[in-house]
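Asker: Start from the sequences, fold in the hints, and give me the full structure.
If you're matching them up, the sequences are chains A and B in order.
Numbering of the first sequence is given in my numbering, commencing with residue 1 and proceeding in unit increments.
Numbering of the second sequence is given in my numbering, commencing with residue 1 and proceeding in unit increments.
Treat the hints loosely; a few may be bogus.
Simulated restraints on C-beta separations [said to hold, decoys possible]:
1) B:Pro133 / A:Met1: 30 to 38 Å
2) B:Gly134 / A:Glu219: 50 to 58 Å
3) A:Glu70 / B:Val164: 57 to 65 Å
4) A:Arg211 / B:Thr95: 32 to 40 Å
5) B:Gln107 / A:Glu246: 55 to 63 Å
6) B:Pro133 / A:Glu246: 26 to 34 Å
7) A:Thr173 / B:Ala181: 22 to 30 Å
The following residues of chain A were derived to be distant from chain B, with all beta-carbon distances above 12 Å [to be verified]:
8) Ile20
9) Ala97
10) Arg117
11) Asp122
12) Pro149
13) Val168
14) Arg184
15) Thr186
16) Gly191
17) Glu219
Hints in this document: simulated from the structure, not taken from any laboratory.
From the three backbone atoms N, C-alpha and C, an ideal C-beta is built for every residue, glycine too.
There are 2 protein chains.
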Amino acid sequence: MRRLRLLLAYDGTDFAGWQIQPELRTVQGVLTAALTRLNGDRPVSVRGAGRTDAGVHALGQVADCGFAGELPDAGVAHALSRMLPDDLRALAVATVADGFHAGRHAQAKVYVYRVDRSAHGDPFLRRFAAWHPGPLDQEAMERALACIPGRRDWSGFTAASCTVEDKVRTVFTARYAEEEALGRFTFVGEGFLTHMVRNLVGTLLDVGRGRFTPERITEVLESGDRSLAGPTAPAAGLFLERVVYENAPGGSA
Amino acid sequence: MRRLRLLLAYDGTDFAGWQIQPELRTVQGVLTAALTRLNGDRPVSVRGAGRTDAGVHALGQVADCGFAGELPDAGVAHALSRMLPDDLRALAVATVADGFHAGRHAQAKVYVYRVDRSAHGDPFLRRFAAWHPGPLDQEAMERALACIPGRRDWSGFTAASCTVEDKVRTVFTARYAEEEALGRFTFVGEGFLTHMVRNLVGTLLDVGRGRFTPERITEVLESGDRSLAGPTAPAAGLFLERVVYENAPGGSA
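Answerer: Structural data, given as structure tokens:
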């Protein structure tokens with residue numbers, strides 16, 4: 001029995017999110033089925049670094065699982081390449097220290113939210129960005145973004161469905177940049193709660209549109225009042241870009 | 001009554017091609033329905049520069065139609081933006097000279113075929129590229145590409161379903177380039193027959209793989225024998241990038 005670490009990319013459009021659920025097509029479910037077959041039909045428990053929601057994409061999700069099969073790492077990678085559907089790909093497979101835990105040892109996650117800024121809506125971005133053609137006051141957005149980094153209670157930006165008791169998390173950086181017609185929010189933090197990035201983006205876009213002043217971020221944070229925040233931005237724009245590990249038993253990913 | 005020229009972009013994945021057909025979702029069909037409504041339910045005849053196949057995309061398809069409505073060009077553009085689905089977008093609308101004909105006045109078309117060269121298959125390119133992870137002999141492909149430009153009879157590269165009698169067309173340029181993990185074939189010609197670009201790409205990739213020598217292109221051209229060519233490359237990789245007009249009554253597009 002050894003422990004495998006997997007680096008995954010997926011187009012989340014046709015998945016009901018990461019977490020395995022009966023009768024739904026989920027990333028964890030499809031991956032577990034493939035790994036169980038490779039493991040000689042012995043059950044496999046797959047753990048992910050983060051539970052992406054339905055429709056959310058990943059460029060670099062990390063998962064781990066125990067594996068009793070004799071196939072070497074390259075053989076597992078090759079077999080997964082053939083077994084997994086074309087919207088879920090294993091980019092790398094490696095044997096890591098037994099104690100590695102994709103979720104617990106993640107030191108930071110990088111999420112990117114993409115905004116289609118084209119006047120007419122890019123038909124090739126409709127699954128991979130939210131469309132906002134109108135003017136955005138980037139200076140106001142910069143001031144709002146500056147209120148985000150730090151160790152804070154994110155209750156006001158968290159979905160009501162989030163059952164985690166302790167809503168204190170550290171966000172390291174929050175940025176926005178536009179290149180040609182594509183806007184990109186980047187958030188780096190130790191962890192993010194349910195809908196937190198999408199609620200931040202919805203609020204930041206409302207600041208950019210002039211619906212809120214930049215101080216709204218602090219007002220939501222201090223009051224913890226979700227109703228003061230902007231709408232939850234659509235899942236299609238969100239990507240788990242990377243999970244950062246340092247000094248973890250599994251090494252860097 | 002005036003004549004409108006439309007610049008269109010579409011994700012061809014969910015369209016049964018350009019040409020209007022009963023009970024199928026086609027680009028011409030969806031566009032005709034929207035323009036007919038804007039034209040006060042008077043019938044509208046929409047002509048395209050090229051008939052893209054099912055699954056083929058467009059970054060710059062051009063169409064024209066007669067229009068009796070009083071809405072100015074900007075109003076038509078704005079209304080289409082709201083009425084058209086998010087996989088079909090009108091990028092520009094302009095009134096042109098009455099004699100303009102999107103098909104007959106096109107002097108050249110630029111088609112791009114995209115190849116995903118990543119080892120594991122990029123899940124975000126599966127609708128917009130064909131996946132070829134193996135080695136490609138680019139030098140052999142260059143020699144094969146060099147046999148393409150010119151005024152030739154393309155019978156050997158044309159689908160059996162193509163009913164055009166005269167299969168002589170001029171191709172101006174045929175190129176291939178790779179940037180990071182994305183390969184791009186670019187073909188510029190006065191016009192292309194049914195499946196011609198996809199059959200050329202299928203044959204060129206077989207040259208790159210070493211299945212054919214570069215001379216195969218000339219053999220197919222001289223014999224006109226379709227069975228000597230490679231397979232038809234999948235529709236998903238093909239984009240009508242641009243239609244070139246010069247000295248046409250409608251001006252440049």
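Asker: Run every hint past the structure and note whether it holds.
Answerer: Here is what the structure says about each hint:
1. Between Pro133 of chain B and Met1 of chain A the C-beta distance comes to about 31 Å, which sits within the given range of 30 to 38 Å.
2. Take Gly134 of chain B and Glu219 of chain A: their Cβ atoms lie about 56 Å apart, and the range 50 to 58 Å holds.
3. For Glu70 of chain A and Val164 of chain B, the Cβ-Cβ distance of about 58 Å falls inside the hinted range of 57 to 65 Å, so the restraint holds.
4. For the pair Arg211 of chain A and Thr95 of chain B, the beta carbons lie near 37 Å from each other, so the given range of 32 to 40 Å is met.
5. With their beta carbons about 58 Å apart, Gln107 of chain B and Glu246 of chain A fall inside the hinted range of 55 to 63 Å.
6. Range check, Pro133 of chain B to Glu246 of chain A: about 31 Å between beta-carbon atoms, so the 26 to 34 Å window is met.
7. In this structure the supplied range 22 to 30 Å holds for Thr173 of chain A paired with Ala181 of chain B, their Cβ-Cβ distance being about 28 Å.
8. Once the 12 Å rule is applied to beta carbons, Ile20 of chain A is consistent with being away from chain B; the minimum gap is 19 Å.
9. At roughly 24 Å, the least C-beta separation between Ala97 of chain A and chain B is larger than 12 Å, which holds for a residue marked as non-interface.
10. Its beta-carbon lying about 14 Å from the closest one in chain B, Arg117 of chain A satisfies the requirement of being farther than 12 Å from that chain.
11. Against chain B, the non-interface label of Asp122 of chain A is violated: not every CB pair exceeds 12 Å, the least being about 7 Å.
12. At roughly 29 Å, the least C-beta separation between Pro149 of chain A and chain B is larger than 12 Å, which holds for a residue marked as non-interface.
13. Residue placement check: Val168 of chain A keeps its beta carbon more than 12 Å from all beta carbons of chain B (closest about 34 Å).
14. Its beta-carbon lying about 15 Å from the closest one in chain B, Arg184 of chain A satisfies the requirement of being farther than 12 Å from that chain.
15. The non-interface label for Thr186 of chain A is consistent with chain B: the shortest C-beta to C-beta separation is roughly 18 Å, beyond 12 Å.
16. Chain B leaves Gly191 of chain A outside its interface by the beta-carbon criterion, the shortest separation being 24 Å against a cut-off of 12 Å.
17. A cut-off of 12 Å between C-beta atoms confirms that Glu219 of chain A is not in contact with chain B; the least separation is 34 Å.
Consistency with the previously given hints fails for number 11 only.
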